[in-house]
Amino acid sequence: MAVVEVVGVKKDYVDRGAGTTHALRGVDLAVESGEFMAIAGPSGSGKTTLLNLIGGLDTPTAGSVKVDGRELATMTSAQLSDLRRDRIGFVFQAYNLIPVLSAEENAEYVMELKGVGSGARHERIEGLFERLGLAELRHKRPPKMSGGQQQRVAVARAIAAEPAVVLADEPTANLDQATGRALIEMMRELNRERKVTFIFSTHDPMVLEQADRVVRLVDGAVTSDDRKAGGAL
Amino acid sequence: MRTLLKMAWRDLWRNRRRSLINIFAVGVGLFLVLLYGSLVGTVMRAKDQLDDGGMGHIEVTAPGWRQHRNVRQALENPKSTVTGLPLPPGSDVSFRVVSRGLATSARGSKGVAIHGIDPAIEATVAAYVNKLRAGKPLAADDERGVLLGDKLAEDLRLQVGQKVRLMVQRADGEVGADLFRVRGIIHPLSPALSRSLVLVTAAAAQRTLGLADVAHQIVIQLPLAAETDAVAERLRTRFGERAEVMTWGQLMPMMKVLEDMMGVLITVISLFVYGLVALGILNTMHMSVLERTREFGIMRAIGSRPRRVVALVMGEAFWIATLGVVLGLGAGILLTKLGSGPPVLDYTSKMGESFDFAGMVMRSRFIIELPLGESLRAAALVYAVTLLTAIYPAFRVSRIQPAQAIHSV
Chain A
1 MAVVEVVGVK KDYVDRGAGT THALRGVDLA VESGEFMAIA GPSGSGKTTL LNLIGGLDTP
61 TAGSVKVDGR ELATMTSAQL SDLRRDRIGF VFQAYNLIPV LSAEENAEYV MELKGVGSGA
121 RHERIEGLFE RLGLAELRHK RPPKMSGGQQ QRVAVARAIA AEPAVVLADE PTANLDQATG
181 RALIEMMREL NRERKVTFIF STHDPMVLEQ ADRVVRLVDG AVTSDDRKAG GAL
Chain B
1 MRTLLKMAWR DLWRNRRRSL INIFAVGVGL FLVLLYGSLV GTVMRAKDQL DDGGMGHIEV
61 TAPGWRQHRN VRQALENPKS TVTGLPLPPG SDVSFRVVSR GLATSARGSK GVAIHGIDPA
121 IEATVAAYVN KLRAGKPLAA DDERGVLLGD KLAEDLRLQV GQKVRLMVQR ADGEVGADLF
181 RVRGIIHPLS PALSRSLVLV TAAAAQRTLG LADVAHQIVI QLPLAAETDA VAERLRTRFG
241 ERAEVMTWGQ LMPMMKVLED MMGVLITVIS LFVYGLVALG ILNTMHMSVL ERTREFGIMR
301 AIGSRPRRVV ALVMGEAFWI ATLGVVLGLG AGILLTKLGS GPPVLDYTSK MGESFDFAGM
361 VMRSRFIIEL PLGESLRAAA LVYAVTLLTA IYPAFRVSRI QPAQAIHSV
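These protein sequences, in sequence, are chains A and B. Counting in my numbering, the first sequence runs from 1 upward without gaps. Counting in my numbering, the second sequence runs from 1 upward without gaps.
Please note that the accuracy of each hint is not assured.
[To be verified] BS3-like mimics (lysine-lysine), calculated; alpha carbons at most 30 angstroms apart, straight line:
1) Lys140/A with Lys6/B
2) Lys144/A with Lys6/B
3) Lys114/A with Lys6/B
[Claimed, not checked] Among the chain A residues that face chain B by a calculated CB cut under 10 angstroms, a handful are:
4) Thr49
5) Leu53
6) Gly55
7) Gly89
8) Asn96
9) Glu105
10) Glu108
11) Tyr109
12) Val110
13) His139
14) Arg141
15) Met145
16) Ala161
Hints are computed from structural coordinates only; laboratory data are not their basis. All of these numbers come straight from a predicted model, not from anything done at the bench. For each residue, glycine too, the CB sits at the ideal point set by N, CA and C.
Hey, can you work out the whole structure from these sequences and the hints?
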């Protein structure tokens with residue numbers, strides 16, 4: 001069953017001065033559970049817009065987006081919040097941790113929203129931090145961490161609440177190559193171990209190399225959809 | 001909730017200077033309102049006015065007595081009457097035999113107000129009974145002793161132990177006179193009482209006036225001034241046509257008007273000060289929230305409902321209000337401690353210790369005091385104003401679009 005289903009999605013941005021920008025021009029996409037896929041394309045091709053629409057952070061001008069079989073267009077703002085909390089994890093290009101919370105508190109945040117008890121939260125975070133090499137950083141706040149460290153915490157936050165799908169918007173763009181590679185390998189392992197679906201937007205060749213499926217966008221339209229033989233599917 | 005309050009607390013200190021200005025504004029605003037209220041309260045504190053003037057929240061007299069002060073218009077069996085009154089616990093009640101008269105000493109004569117009292121119970125409603133400048137208190141069974149106001153004693157050049165003759169018009173219309181000895185000289189704050197008051201025992205007054213066991217005034221002080229009208233109504237029902245029941249607002253209309261005016265003035269000043277504080281907080285909170293649009297967008301993106309980000313902004317307002325209240329009340333308490341020593345305003349050199357104004361006794365030294373109830377009310381108002389002010393920025397935050405907010409700078 002498709003965990004994400006995008007049908008005929010268009011997204012226009014209207015700027016009074018510059019006119020209308022067609023960010024997406026009728027995109028169709030189905031993502032099955034457990035996929036490790038990348039959306040590739042040059043800057044301005046609509047990758048981030050597509051991820052935002054899948055995550056319910058933005059609304060399409062036309063078309064339909066379903067997550068777990070639920071049509072996002074019919075959901076209220078609070079219902080979308082609940083869907084993101086329960087089913088979707090986000091990793092952003094600029095890490096986007098909450099600066100006043102420590103690494104541990106950031107990672108626990110979504111679980112707390114879900115009402116997971118503090119004992120269970122600590123237990124889950126302890127294992128995850130150990131796994132991601134963050135044990136020493138538990139009490140550090142984001143401004144005192146390196147980019148790579150912050151991105152690992154962001155990954156921990158995204159997967160701690162055990163979402164159905166993780167949306168990662170250019171997660172390696174601000175990292176050096178070695179750190180970026182380590183991060184992608186780590187996410188790949190999580191994908192294999194926990195069967196978490198990952199959808200990346202990227203133009204990083206290293207990420208594309210790791211992905212089982214690569215969907216290419218150019219000027220807001222899908223130009224190719226390639227699956228690796230022997231991939232996750 | 002704990003996490004939200006923790007986040008709000010930490011957010012508060014991200015821009016230390018701005019938050020301190022906000023907290024300071026709230027604290028100073030509260031302090032100014034308390035200070036103003038305290039000064040006005042010092043002037044208008046009704047209980048002191050009543051004590052110093054020997055008045056009550058309620059006075060009961062025989063019908064018509066107040067217009068003509070005819071000694072024959074009196075209430076019978078005052079002692080048993082006052083013990084059976086339907087009063088709230090903690091009320092003080094006294095009765096007086098009242099007459100005008102002439103006091104004569106070897107050095108001169110003066111018109112006086114003679115109050116026949118039970119000294120022990122009168123002291124509960126009239127502070128001056130125990131304010132002795134010289135001599136000793138009046139004993140309950142002393143039928144020949146008097147206490148004189150200090151200015152009166154000075155005018156008549158009387159000292160403790162000397163004789164004074166009191167001349168009155170008796171109940172039978174004849175002129176009556178009695179010889180008394182000065183037991184003590186008292187110091188009423190009211191200059192009028194100081195110049196004219198003569199205290200004798202009720203029995204002595206009744207004897208001199210040719211009256212049976214009667215009194216002209218029953219004076220009642222209540223533990224809560226707010227109960228005055230309700231208790232007065234009960235007493236009117238109780239006495240019916242046999243007595244007139246008057247409240248302090250009816251007896252001293254000017255004081256009532258002044259108190260009402262001061263209440264309005266305090267409200268207006270409070271609204272003005274809190275309004276300024278609110279505008280300052282609104283401006284800085286709005287700025288603070290706009291600067292963190294991206295963070296609120298992240299919170300929304302990862303699953304926070306709109307009401308949670310609203311609660312975060314309100315949490316910051318809560319901390320600003322709490323710290324502001326601590327600062328404002330702290331400054332108020334500190335100043336009260338200091339203010340109980342030197343007065344804030346002191347007109348004693350021009351007005352003496354006190355002055356009479358529209359039937360009231362005004363002290364010439366204004367000392368700061370913060371009554372607990374009023375301070376807590378003002379603090380609650382600060383919380384309300386600060387939280388109300390935060391509603392608009394919180395509402396703005398709740399309406400943000402996560403996708404736009406995350407990509408805002």
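Original post:
Are Tyr109/A and chain B close enough, Cβ to Cβ, to be under 10 angstroms, as the hint says?
Top reply: holds, 7 angstroms
Original post:
If you take the shortest Cβ to Cβ gap from Asn96/A to chain B, is it below 10 angstroms?
Top reply: Constraint on Asn96/A satisfied, holds at 5 angstroms.
Interface restraint verdict for Glu105/A against chain B (beta-carbon cut-off 10 angstroms): holds, 7 angstroms
Self-check item: Interface hint for Ala161/A, Cβ within 10 angstroms of any Cβ on chain B
Solution: holds, 8 angstroms
### Query
With 10 angstroms as the cut and Cβ atoms as the points, is Arg141/A at the interface with chain B?
holds, 9 angstroms
So, His139/A near chain B? Judge it on the closest CB pair being under 10 angstroms. violated, 13 angstroms
Given Glu108/A was flagged as interface, is its beta-carbon under 10 angstroms from a beta-carbon of chain B? Hint on Glu108/A: holds, closest Cβ of chain B at ~9 angstroms, below 10 angstroms.
So, Val110/A near chain B? Judge it on the closest CB pair being under 10 angstroms. holds, 5 angstroms
Review point. Quick one, are Lys114/A and Lys6/B close enough, alpha carbons at most 30 angstroms?
Key: Status holds; Cα separation ~18 angstroms.
| request: Would you check whether Met145/A satisfies its interface hint, that is, whether its CB is within less than 10 angstroms of any CB in chain B? | output: Constraint on Met145/A not satisfied, violated at 16 angstroms.
For a C-alpha distance cap of 30 angstroms, please report whether Lys140/A and Lys6/B respect it.
Holds. Lys140/A to Lys6/B sits at ~16 angstroms (cutoff 30 angstroms).
*Does the nearest C-beta of chain B fall within a distance shorter than 10 angstroms of the C-beta of Gly55/A?*
holds, 7 angstroms
In this structure, the hints that do not hold are numbers 13, 15, in rising order.
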